[in-house]
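Hey, can you work out the whole structure from these sequences and the hints?
What follows is each chain in one-letter form.
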Amino acid sequence: MEIFVQQVVSGLATGGIYASLALALVMIYRATDVVNFAQGEMAMFATYICWSMLDAGLPYWVAFVGTLAIAFVGGVTLQRVIIRPVEQAPILTIVIVTLGLLVIFNSLAGWIWTYVQKPFPSPFPSRPFKASLGLGEGHEIIFGAHELGQIGITLLVLLAVYLFFRFTPLGLAMRAAAHNPVSSRLVGIRVGWMLALGWGLAAVVGAVAGMLVAPILTLEPNLMGGVQLYAFAAATLGGFASPGGAVLGGFIVGVVENLVGTYVSFIGTELKLTVALGMIIVVLLVRPTGLFGSSVVKRV
Amino acid sequence: MRRARLARDAAILVLLAAACALPFLLSNFRLFQFTQVYIYAIAILGLNMLTGYNGQFSLGHGAFYAVGAYVSAIMMDRWGIPYGWTIPVAGVLCLVVGFLFGLPALRLQGLYLALATFSLALAVPQILKYFEHWTGGSQGLVLSKPSAPFGLPLNSDQWLYFLTLAVLAVLFWAGANLLRGRVGRAIVAIRDNHIAAEAMGINSARYKSLVFGVSAAYTGVAGALSASVIAYVAPDSFNVFLSITLLIGSVIGGLASISGALFGAFFIQFVPNWAQDISKAAPWAIFGVFLIGFMYVMPFGIAGAIRLLWIRVTRARVSPEGRNAVPSQAHTTT
Amino acid sequence: MTRTRNLLAMLLALGVTALATPAGAQTVVGVTATEVKIGNTNPYSGPASAYGTIGKVIGAYFKKVNDEGGINGRKITYITYDDGYAPPKTVEMVRRLVEQDQVAALFQTLGTPPNSAIHRYMNQQKVPHLFVATGATKWNDPKNHPWTMGFQPNYQTEGRVYAAHVLKNTPNAKVGILYQNDDYGKDYLKGFEDGLGEAAKKMIVLKQSYEVTDPTIDSQIVNLKNSGATVFFNITIPKFAVQAIKKANDIGWKPVHYLNNVSSSLGNVLKPAGLEASRGLITALYMKEVTDPQWRNDKGFTDWVAFMKKYYPEGALDLQENAYGYNVAILMAHTLRQCGNDLSRENIMRQAAGIKDLELPLLLPGIKINTSATDFAPIEQEQLARFNGEKWETFGELFDAFRKQ
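First to last, the protein sequences are chains C, F and P. Residues 0 to 299 in numbering that gives the first Met the number 0 are what the first sequence spells out, letter by letter. Residues 0 to 333 in numbering that gives the first Met the number 0 are what the second sequence spells out, letter by letter. Residues 0 to 404 in numbering that gives the first Met the number 0 are what the third sequence spells out, letter by letter.
Read the hints as simulated data drawn from the structure, not as lab findings. It is possible that part of the hints are untrue.
To be verified - With a straight-line Cα cutoff of 30 Å, these simulated DSS-like cross-link-like pairs (lysine-lysine) come out: (1) P:K62 to F:K279; (2) P:K137 to P:K367; (3) P:K201 to P:K173; (4) P:K173 to F:K279; (5) P:K125 to F:K144; (6) P:K142 to P:K167.
Structure follows, in structure tokens:
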């Protein structure tokens, strides 16, 4: 029993990592209808900027907030300068442009900060928590303060995103711009700037993800490589149009992966990733737009 | 119209003749690179069929490439079957696998299909490592490079070049016939408006799965060829980056285009090397700039840009049909 | 008539002169009177890009050699290409080096799959394939592959060293293993299991693997603790070694902990994981660990630091890879120097296979390079060491895999 709970807790911690980046992916998709393959690398690049600030002696929270500001401006600039010229192009053309951004960010990070891994500080204490959950002495469930803090912040960001899109006029304008640009323009919404705003906000969410994940994974240019793959899987599972679904998808992937690796002995750990992905494909067969995605209704 | 077609056919023959002359003009190393280009071209044509002509996004074609390569490698390594036989077998096997994959894929649309295929590509290295007994695990399988048969006075590289060129010519010709005929029009119709297509009597489900199968077969054949040319297979060679590279080649070359496959193959083979020569420090950043630059200048790929240029140049002499021609993905090109 | 005769005479004279020119320097591939070309591939991009620093530090060392006069009057022209750890790219880049750039020899190509892909080619082309940067066992095969030579103690040997210690120290222990699911991890695993022999089935209670793309290995550590293992063989790269040590400590699991040499860096692994949490860790060393304070005043170490500061200032001083690259570059320079004026491929190979008791500045004292016509493994000695909270303390005798055969 103890091992089950411990694996679930570990899975939630790992899942939290996937969820945080999945949230950024979904945000951009919802705001601009584009799947941004460079999201993970942008998050990594922002984390490196934070590291540089910390290295220069700035206190943690100053660097944190400073990075968020830079990430926001960076995201907006990217959309206005790089994405806008190909906005009207076929979707795959835009995908290639984001792939180009991916390799540029990765390569630049390696060039500026080298490929050597760097430790990154955590704002949370490093002492682990132990909860006995009534299982007696020596059978306590252990989880790290940082993991808990990371999940907490991811959920807070999710809440903020939800409230923003649902209850603020700006959020409504952004949703309208993504859903129906023509009608939005007629109503007076500056569609171009809404898209840029979407990129800016997604970059901020990504930067938060990066700065929370780096203490666990150690900072290096390939920080987000593995995570982004899982984040895509998580977002697919949850339904790409649903931020809540993406976060839930992340947790599910993390937990199921761990449980399968632990309990299904013939699969063991050598097929963990395959199982996680297989599970997603199975879910897609039953619900083709993910667990919480809405079916696309097209006028004929 | 006829003149354009004659011109095109003549151009193809000239290119083919030039290609046959290369082995006697180039070094073995360059031949090896050109052989790689042809292999990528076959793989990309497979992807073009599915994603360009039929509109089913695949981010996982590297998986079929891997299946083809390993089928060929295992047949050669474990059962001593000569490489020549492994290529059609790999093709047929991938046809079946692709078709089977195409069936559940019918339920998935656009983005979700792309992500499902992406997941498939992600899982491939792990699966290959798991079935160690067959695949040699992470150590991979070392193969022997074939030499020219019947005592032909060609070295290994020249022979493989001709073999690959021949396979390329046959597959491209077959593909062209398929895509320019009824089947091609059907699958393009499904891409552009599948409800209207169904209303006209096209069995959307059957065509879509079939295209998946054929597309996988093409890419599988390319993989099988690569097993002989590189003479080594390992899970590391078939990670998700391969699928992304094929997609890049497909879009840069021109999605709904046969010649685009060749352009795209040249791009993915040579541009990374040029990028490395330009900048040792951050070569992939240069490559990324190339990618973005190409997409700005030619959003419909190289083949698309050439077609636009042709239309512009011949606009004065072309019939009304040409003047109203809208450059969009709806058109198929050479 | 006279003019034609003069012309003929002139041509004859030219011909004789041409024939009389010593052909030596021109017909040796990759070598001229002023330079010798050495080729290399390294992963400067992609998942293994952290190792790219090795290719760079080697280039820096060769620059130092050139600044100090070169090799017997010739400068080393070092040509290195990025293969991104992808075997097909390695094949292409190596063919470029051999067929287009016409290098004299290949040196320190990195990675087991990349080297496997070019193994047969190098031997068919008869090009020296020296001091490959991988710990796989197959590079020591002079009979079938006389042009390929390894360098570091191979992973299987290291696994055996640990197994021997386990059998001696804790023969009734339950063993848990965490390994990276690729050639490197599997090689260590094989050596360890072979070393345990028949006891392996009884002693190994759980094996857990992970992929390089996995974010964490916490789940695996939890399972290993739960299996009741009292001995833990930790086959992880630095990134995951930190996690493993930290997590094991956090969940209160204190097995006899063997850590593979790849992650034995004090600065990069033990410190981030926690020096107290790392107390008691056992590893096998063959190099001086550059963040270990005990070498602070050692001449080999101080020479290395001076070199880094002058020739590779952007290289990290707490990265063992930079010491590794420095060491092996010295070995290569030595080999080339031993060739004298004959830098033909055959002679380079002959010299590489004839090294006796060579000491390198950053090898542990007592460990020497030895090769022969039947022994293509330059380093075969290792020393067990235990971490006492401050530094790695060597103990026991020098393990010599060559003699044990």
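Do the hints match the structure? See the list:
For the given pair, K62 (chain P) sits about 17 Å from K279 (chain F) by alpha-carbon distance, which is consistent with the 30 Å threshold. For the hint linking K137 (chain P) to K367 (chain P), the alpha-carbon distance of about 21 Å falls within 30 Å, and the restraint holds. For the suggested pair K201 (chain P) and K173 (chain P), the alpha carbons sit about 8 Å apart, so the restraint of at most 30 Å is met. Annotation: proposed proximity of K173 (chain P) to K279 (chain F) is violated, straight-line Cα distance about 49 Å (limit 30 Å).
Taking the CA atoms of K125 (chain P) and K144 (chain F), the gap is near 16 Å; set against the 30 Å cutoff, the hint holds. For the hint linking K142 (chain P) to K167 (chain P), the alpha-carbon distance of about 35 Å lies beyond 30 Å, and the restraint is violated.
Taken one by one, the earlier hints fail for this structure at numbers 4, 6, listed in ascending order.
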